[in-house]
Amino acid sequence: MSYSLLAGGKRVRPILCIASCELVGGQESTAMPAACAVEMIHTMTLMHDDLPFMANDDLQHGKPTSHKVFGEDVAVLVGDALLLFAFEHIAIAIKGVPSERIVRVISELAKCVGAEGLIGCQVVDICSQGKSDVGLDLLEFIHIHKTAALLKGSAVLGAILGAANDQEVAKLRKFARCIGLLFQVVDDILDVTKSSQQLGQTAGKDLLADKSTYPKLIGIEK
Amino acid sequence: MVFSTVITSSPHLYFPKTTVPIIQRAIRTCSASLSTDQQRISTSQFDLKTYWTTLIQEINHKLDEAIPVQYPQKIYEAMRYSVLAKGAKRAPPVMCVAACELFGGHRLAAFPTACALEMVHAASLIHDDLPCMDDDPSRRGQPSNHTTFGVDMAILAGDALFPLGFRHIVSHTPTDLVPETHLLKVIAEIARAVGSTGMAAGQFLDLEGGPNAVDFVQEKKYGEMGECSAVCGGLLAGASDEEIQRLRRYGRAVGVLYQVVDDMLEAKMDKEIHKDKKKNTGKSYVAAYGVEKAMEVAEDLRAQAKKELDGLEKYGEKVVPLYSFVDYAADRGFGVGDEVE
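Protein chains in written order, with the numbering used here: chain A, 1 to 222; chain B, 1 to 341.
It should be emphasised that the hints constitute simulated quantities derived from the structure, not laboratory data.
Watch out, some of these pointers could steer you wrong.
[Stated by the list, open to error] Computed far set for chain A versus chain B, every beta-carbon distance over 12 Å:
(1) G9
(2) V24
(3) M44
(4) T45
(5) G71
(6) V103
(7) K111
(8) V186
(9) D187
(10) I189
[As the list claims (entries may be wrong)] Using 25 Å as the maximum straight-line C-alpha spacing, the simulated SDA-like pairs for lysine to any residue come out as follows:
(11) K314/B with D134/B
(12) K68/A with M133/B
(13) K68/A with D134/B
(14) K68/A with K62/B
(15) K62/B with S107/A
All values derive from a computational prediction rather than experimental measurement.
By construction, the Cβ of each residue, glycine as well, lies at the ideal position given by its N, Cα and C atoms.
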């Protein structure tokens with residue numbers, strides 16, 4: 001678990017969570033367990049995504065991925081353990097927040113991770129690989145969910161913990177959604193234009209897997 | 001033995017819970033346990049089979065509703081395939097409901113958690129069966145999830161069932177019956193039981209640990225689920241800390257007892273058919289200790305489990321389902337849920 005969680009990485013999601021909390025008047029310490037939880041979830045999705053029978057990336061953050069170091073069986077188990085621990089951590093480590101709000105946080109996180117969120121998107125991604133008729137709509141759907149889901153979740157968790165009202169939560173959700181899409185578009189462009197070393201990931205893999213990406217569909221310029 | 005409660009500022013103060021696994025204690029204290037049925041509530045009138053099969057129907061119905069097929073269909077089909085498998089006996093939900101009712105809780109309060117236990121249980125089984133893990137081609141009388149849907153979908157189905165379980169607890173438990181503080185304890189308990197110090201640890205050692213790990217593996221893989229189910233029921237009903245600890249020890253004993261007896265039945269079947277079972281050898285209790293010892297241990301676990309319920313006599317008749325469960329685990333007096341492997 002340590003190897004993957006502490007392997008590097010920009011910690012964008014935790015930062016978004018904390019910043020969101022502070023923006024609406026909350027404290028960093030309140031949001032910290034949730035911030036850690038979203039990073040654990042992010043790590044586990046990468047770990048499972050990287051398994052040979054999924055997207056297959058042997059490099060992540062510049063280091064060999066877990067399954068190469070520890071074996072596939074451990075990578076599956078560790079991913080599960082991180083996923084579960086994220087929820088456990090939120091359930092027991094958040095201080096100074098009424099239980100009703102923590103319960104809402106659990107619900108939000110579960111929604112953004114599960115079959116209606118991140119995982120659902122991975123399914124769509126897998127099912128649409130190799131297909132030539134993937135339109136922009138579907139592409140946007142995949143991208144929104146894949147990257148934006150957890151970013152949205154991070155922002156929303158932070159907002160809830162900071163005692164934001166419903167409107168504020170909705171605004172932050174929208175903000176994070178845009179950021180998420182932005183991230184993904186730029187990611188796709190970089191995959192095509194940069195080398196493995198600069199990226200810390202294996203470059204060119206999207207084309208190899210015949211995935212639908214923005215550059216492929218509408219060209220780099222656009 | 002001092003336990004910390006589940007909610008603590010240092011999350012892992014409660015580990016390791018026991019320094020000596022439950023089976024080793026059972027072997028050491030293996031004196032003949034008196035049948036204390038004279039002292040205890042008679043369970044001869046209680047119809048566990050009807051209680052159980054009625055509950056199974058309710059749980060199945062709720063699980064069906066909890067996982068509707070929607071876009072993207074494939075993942076929901078994969079999730080439903082494993083969760084709604086006909087061979088499932090639903091022992092965790094039944095234990096949860098019985099434990100909740102024992103302390104005066106309403107079963108409506110317990111159903112969402114009971115369903116979540118099944119989802120989470122199914123998720124671990126899906127992952128356990130993967131080729132890179134136990135590599136099981138079948139489960140509960142049907143081809144395993146990855147055989148039907150592919151390894152990638154199986155992994156994702158398992159991954160999706162964990163958060164769905166938690167979400168189901170939160171969205172479906174009536175807050176007038178269960179305060180949110182209790183819900184958080186339940187969620188923490190399930191996460192702990194299935195996670196890195198619980199079942200996942202058991203599975204890891206099952207795959208990578210040496211032959212002497214069998215006691216630990218048994219306790220972690222099977223004891224944890226039993227323990228978790230019973231404890232969740234108690235938490236929902238607002239049982240006291242001391243009562244929760246009793247449920248914990250009870251659940252763990254029953255979980256392991258169930259598996260020891262399963263191992264014995266399997267060993268018996270193998271002997272009769274001279275079949276070469278590919279499954280999970282080495283970490284079978286019988287394979288490690290022999291049938292004689294296994295029987296002794298089973299009897300001792302039976303006594304241990306019942307002893308824990310002894311302290312709950314003030315609840316009278318309500319303790320009977322959990323009590324009967326122990327005898328069922330040991331004797332298997334009837335078939336439940338299309339009983340298949």
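Each hint, compared with the structure:
no.	hint	verdict
1	G9	holds, 20 Å
2	V24	holds, 21 Å
3	M44	violated, 8 Å
4	T45	violated, 8 Å
5	G71	violated, 8 Å
6	V103	violated, 5 Å
7	K111	violated, 6 Å
8	V186	holds, 26 Å
9	D187	holds, 21 Å
10	I189	holds, 26 Å
11	K314/B with D134/B	violated, 44 Å
12	K68/A with M133/B	holds, 15 Å
13	K68/A with D134/B	holds, 19 Å
14	K68/A with K62/B	violated, 41 Å
15	K62/B with S107/A	holds, 19 Å
Consistency with the previously given hints fails for numbers 3, 4, 5, 6, 7, 11, 14, ordered from lowest to highest.
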